[in-house]
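Participant: Residue strings, one per chain:
2 protein chains.
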Amino acid sequence: MKLILLGCGTVNLSLLEILLERRLDLSARHGFRPKIVAAVDSRGAAVSPNGLDIEELIRVKKSKGSVAQTGSSGRVGMNALDVISTVDADIVVEAIPTNLKTGEPSLSYVKRAMETGKHVVTANKGPLALTADLLPGLANRKELFFRFSGAVGGGTPILDLAARCSLGDRIVGFQGVFNGTTNYILSELEAGLTFEAALKAAKERGYTETDPLIDIRGLDSASKLVILSNAVFDTRMKLENVKVKGIQGVTRARVAHAATRGRVIRLIASGGNAPAVAPMEIPRESPLAVNSAMNVVTFELEHSGSITISGKGAGGRETAGALLRDILTIHAKLGGFNASRDETAPRVATVV
Amino acid sequence: MKLILLGCGTVNLSLLEILLERRLDLSARHGFRPKIVAAVDSRGAAVSPNGLDIEELIRVKKSKGSVAQTGSSGRVGMNALDVISTVDADIVVEAIPTNLKTGEPSLSYVKRAMETGKHVVTANKGPLALTADLLPGLANRKELFFRFSGAVGGGTPILDLAARCSLGDRIVGFQGVFNGTTNYILSELEAGLTFEAALKAAKERGYTETDPLIDIRGLDSASKLVILSNAVFDTRMKLENVKVKGIQGVTRARVAHAATRGRVIRLIASGGNAPAVAPMEIPRESPLAVNSAMNVVTFELEHSGSITISGKGAGGRETAGALLRDILTIHAKLGGFNASRDETAPRVATVV
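As given, the protein sequences belong to chains A and B, one line each in that order. So the first sequence is numbered by the working numbering: it starts at 87 and just counts up by one. So the second sequence is numbered by the working numbering: it starts at 87 and just counts up by one.
No false leads were mixed into what you were given.
Which copy is meant is left open, because identical chains are indistinguishable; a pair holds if it fits in one copy or across any two.
DMTMM-like, lysine to aspartate or glutamate: derived pairs with alpha carbons at most 25 Å apart:
#1 228 x 201
#2 148 x 388
#3 289 x 127
#4 419 x 176
#5 419 x 229
#6 197 x 127
#7 150 x 168
#8 419 x 320
#9 88 x 174
#10 228 x 190
#11 286 x 297
#12 148 x 107
#13 197 x 326
FYI, nobody ran anything at the bench for these hints, they're computed from the structure. Remember, predicted model here, so these are calculated numbers, not experimental data.
Starting from the given sequences, assemble the full structure and let the hints guide the process.
Facilitator: Structure below.
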């Protein structure tokens, strides 16, 4: 299976490392033997129709700053659109920085990938949150797989769980914490830090987006709310349809006041009739009262009560795991799964 | 799609009700138009190759106590093995009481179903926990689907989540609360009830197994631990391989003593190198410290930290939802899914 990687930041570098480490396991268990036919970063590309040397790719990127410096495969200045248009591949794996204003350049990359008949796996919220069903619609018309489970919850398979819950029952609403940065800041306010000190600490831990206002003003949470809502309710919502209030007005004093009543403040995204993101006071025992940079969501089901899932919301390794999950799912759906390896006991019950 | 229902207790009656209520939705969204070609209870069967009238079936079972009283379709005394052997069907849906000593008669029913070329969906723990890979192995040899997501966690898709987590990462261990009855009893001990009073309350709420000792001695938890372990670790474990200690020795005084240190006692099932079920003291803030009849499991991943899921563990409606999830998954895998209905936006990302 031939892959093109767009972006060689933390996420796709982590993906390359996982592919190296799990090479034997992925081959034996899933019949998955990937070839990275191209990798692109802001300064150029590395291209090899027979598959790049993954170890070399990681080493060059880390030591020289760009995959375009990769021996005879390096192509200084070659851009993503050129690579997508000219390199034969099964899946384009897109992990470039999110842009919540225009969705670009991710939007153009994904479109070009689909127009040239490539399946797409992405962790990018921008194009999905801004253009409703544009990309899923294009994928359907082209009969291509388009998967983005890393876009909500990072490594925590929130979209997958929603899909499973929707089979046996109907999700009537959900509430969640979808942004690790703001949750970390709110947790630190509880610990007595000022807003500025808490933000600084979040930055130092690498939790914030390039522009931390995207987190703080609630836009990152809102974009995930849009993506999850559209998946759960079959709507065609866009970011502009969400009422958004961030945590910029939440002070240490307000957090302390809530604490005196056994309550905490969390930036809650609510999906349903009135999609909204806002800081809310909730009981400390609420399943939504997760700490630090965790994400959580509670799905309210029509008949089966509520189901809650929590886990790390971000991180290169976690998001790379979500990309791999999507890649393996497409691989299995395309029939690449080696069925003869599938004879171990309760694997019969697993989902693909 | 033709279904045979084995057992007409709370679970399969709930399934019939869901099929009635969601008839339009299941047809439009999933292209799923089930025919119940037979239903069996302890007194006989109802059989109709063209599909039984679901409303009539529910009414007769509720008013006359047996589906064998269903007009011209009723077959007093016809047993499950006869029905499985003689009635043509795609899937056998088995929901009879669990037997953790021999797995019977469920074990024989499932075997006969597979031998006659039928896919099987079950929520029954017995055969799976007692015979390791016997049934999954048979299903694989016969190239049949065998799904049992309702056997662990009831309506909460724990096995499905484990499968998704295992794609992008590796589960190295897990801890969970898998038995609602004992969790309810422990919660009530915290509230000041004696063990006897708490057990009585659990019985009155319908939480306990026919033999509550199965719950209290930890066997129900242990059987779920076996099923989940085999799924997660590709082992061939049996119930006898688990070290089991129940909650029979947990007193109100011990619970109160734990509470003075901010701790609670829960019956924890641990999966990994030393599979065990035992009452453990855990911090009240632990994600595992769920209350009442909830189930919860935390998966420890090699690279992505931990992922926790919680929800109702039992209940007829919930377990019926799990059966439906499995039925729809088989339906989709057999190509029954109407792909032309699949053009709504992010449905592209859903799992089948």
